[in-house]
Amino acid sequence: SQELEQSPQSLIVQEGKNLTINCTSSKTLYGLYWYKQKYGEGLIFLMMLQKGGEEKSHEKITAKLDEKKQQSSLHITASQPSHAGIYLCGAYLSGGYQKVTFGTGTKLQVIP
Amino acid sequence: DTAVSQTPKYLVTQMGNDKSIKCEQNLGHDTMYWYKQDSKKFLKIMFSYNNKELIINETVPNRFSPKSPDKAHLNLHINSLELGDSAVYFCATGRGGMNTEAFFGQGTRLTVV
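Those sequence lines, one after another, are chains A and B.
For the first sequence, my numbering assigns the number 1 to the initial residue and increments by one for each residue that follows.
For the second sequence, my numbering assigns the number 1 to the initial residue and increments by one for each residue that follows.
By construction, these hints were calculated from the structure, which means they are not laboratory data.
Positions of the beta carbon are idealized from the N, C-alpha and C atoms, including for glycine.
Covered stretches of chain A (in silico footprint by chain B; criterion: 3 or more residues with CB under 8 Å from a CB of chain B, positions within the stretch not fixed): (1) 31-43; (2) 100-112.
Over the 10 Å line for every Cβ pair with chain A, so calculated as not near, a few chain B residues: (3) Val-12; (4) Val-60; (5) Asn-62; (6) His-77; (7) Glu-82; (8) Gly-84; (9) Asp-85.
Required output: the full structure, derived from the provided sequences and hints.
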């Protein structure tokens with residue numbers, strides 16, 4: 001099994017709907033990152049969370065890290081076609097400080 | 001002015017060939033990485049360099065040899081290419097440490113035929 005699991009694996013939503021993507025680990029998450037990737041392109045940094053209970057928002061995207069620092073969620077409000085892509089969470093895991101381990105990815109499609 | 005640039009963007013080659021992918025960064029970061037993204041979009045670290053020194057080698061076959069001529073460059077050379085090497089390879093850089101993000105290049109899509 002992967003050290004960092006994301007759910008769901010894929011998601012199709014109607015434009016205007018809200019959605020949530022989860023990122024879970026059995027290890028403590030340090031320096032939790034959310035990235036977005038469009039097909040054929042590199043990863044675009046969205047947000048970084050470090051402290052348990054931390055929450056950050058940018059435009060219509062909100063990311064949270066739970067108090068135990070083992071789960072993060074990414075919430076998109078009133079989704080738009082421009083939100084479509086692959087969302088990846090990445091983190092420094094306890095015992096792996098020198099590398100960022102990435103989650104399994106969530107493919108998001110937004111239907112107009 | 002691209003912060004992390006990789007060349008080429010696409011690479012199609014035959015099995016058994018040797019190829020190189022180049023990565024250059026103008027961010028002044030000390031740490032550079034190579035990641036491999038497979039067909040299922042899973043992104044896995046291959047190598048990490050800090051100040052031109054190898055820090056991490058994630059059990060990558062020795063056909064893959066990274067080379068860092070200076071802090072701004074980390075190239076990836078692959079010998080005797082195999083079908084299973086087909087993937088997207090990403091170069092990334094960072095200041096190192098858990099409180100900074102990594103900046104990614106656009107990726108190189110390698111197809112071995």
